[in-house]
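Undergrad: Take a look at the letters that make up each chain.
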Amino acid sequence: MKKIVSLLAVLFLLNTTWAQKIYSSKTGQAWFDAGTGMEDITGTNKSVTCAFKPSTGDLQFLVKIKGFEFWSQLLQEHFNENYMESDKFPNSVFKGKVTNMEKVNVDKDGTYPVNVKGILEIHGVKKDVESNGTMKVVGGSISASSEFTIVLDDYKIAIPGVVKDKLSKTAKIKINCTLSIAK
Amino acid sequence: MAAIAASIIFYIATKKPLTGSDNPAVLILKADAFKNELVKNHKQFDSLYSNKNIGISGSIKELSNDHVFIAGGDDFSISCSFDSANFQNVTKSYKVGDSITLKGIYSGSTGFDNQSSADELDMIGNEKSAELKTCGLNR
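In order, the protein sequence lines correspond to chains G and V. Under my numbering, the first sequence has 544 at position 148, and the numbering climbs by one with no breaks. Under my numbering, the second sequence has 15 at position 14, and the numbering climbs by one with no breaks.
To be clear, the hints were calculated from the coordinates, so they are not data collected in a lab. Hints are all accurate, no fakes.
Heads up, simulated EDC-like pairs for lysine to aspartate or glutamate below, C-alpha to C-alpha not over 16 Å straight-line:
| no. | chain 1 | residue 1 | chain 2 | residue 2 |
| --- | --- | --- | --- | --- |
| 1 | G | K417 | V | D123 |
| 2 | G | K491 | V | D123 |
| 3 | G | K568 | G | D550 |
| 4 | V | K17 | G | D436 |
| 5 | G | K484 | V | D114 |
| 6 | G | K568 | G | D429 |
| 7 | V | K16 | G | E473 |
So the derived list for chain G, only partly shown, Cβ under 8 Å to chain V, looks like this:
| no. | residue |
| --- | --- |
| 8 | I418 |
| 9 | S420 |
| 10 | K422 |
| 11 | A447 |
| 12 | K449 |
| 13 | K460 |
| 14 | K462 |
| 15 | G463 |
| 16 | E465 |
| 17 | F466 |
| 18 | S468 |
| 19 | Q469 |
| 20 | Q472 |
Partner residues are not named here, just some residues of chain V that face chain G (Cβ under 10 Å, in silico):
| no. | residue |
| --- | --- |
| 21 | K17 |
| 22 | S80 |
| 23 | G109 |
Values in this document were obtained by computation on a predicted structure and should not be read as measured data. Every residue, glycine too, gets a C-beta built ideally from N, C-alpha and C.
Turn these sequences into a full structure, and let the hints steer you where they fit.
TA: Structure (C-alpha cells):
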C-alpha cells in the first residue's frame, strides 16, 4: 500500500513539474520596418522578454519601446516622442496562445509550424491578432519566430503630414526568441 | 547660405544615436542602490534617466547572447545588451560571479509597478528588472 501511495505521489509531482514547465528568455529580438523605401525606418530591440508554457500553449512577450536601437538619433527621438509616446506607453505586450499545440513536441528536436492567437498591446491599444510562426526545438531549447504586419492607425499611431511619404501606414514586425526552461 | 543650411540638416538627419559604450556615464550606481532607487520611485527615476547613459556596478549573474546580467538581489537583475565586439571584450576578461562596472543607455524598468498588469508577464511573475542598451565596459 505504502509503495502505491509513494508511486502515486511521485507521478503527481512529475505531472505537476511538467505542467508548470515554462520556457523563457530575456534576450529575444524584435525588429520592425515602417519605411516606404524612401528612408530606412527600421529599429531593433535585443532585450525582448518571452515566455512559453507548452502544457497550455500560452505564449507571452514584452518589448520595452525605449529599448529599440536606430541608425539615426533623429529617428530614435521621433519614434519615442512623436509616434510611440514611450514615456506614456513604455511597453508593448503580447499575451496569447499557440492554437495548434497538438502538432508541437517540445521534447523532440524538429521544426514545427505554429499558429498563434492573442492580444497585442502597442501604444496603449489592445487588438486581437493572429499570426503564423515556427518553433524550432534543438536540444531542449526552443527558437520561436514570427513575422506579421500591423496597421499603425489600428494602434492610434499618428503619421504627421511631413513624413507621410517616408513612413508606411503599416509596419512589418519580426519577433525571434530562443527560449529555455526557466531556472 | 543654402549650403550651410543643407549641411546642418544633413548633420541632424544623419547624427548617430547616443551609445553607452562610446560615451561617459552621467551616473554610476551599485546594483543594490539602483534597485533601491527604483523601489523608492521608479517612475521618477525612469523619467530622469531614460535614454541617458548610466553606469552600474555589481556581480555578473549571467553572460549570454550578447547580454550581461548583473545581479541585484534575489528578485532583481539588470540586463545590458552589447554589440558582438563589445560583448567579446567582456567575455575575454570576465566570468559569472566577477564584479564588473558597465555603462549603457537606460531603457526602463519592469516589475516595480504593482498596479500595472500590462507591465508584467504573468507567466514569469513579478520579477523586477531594468534594461540598458548599447552597453560597454566602464573602464
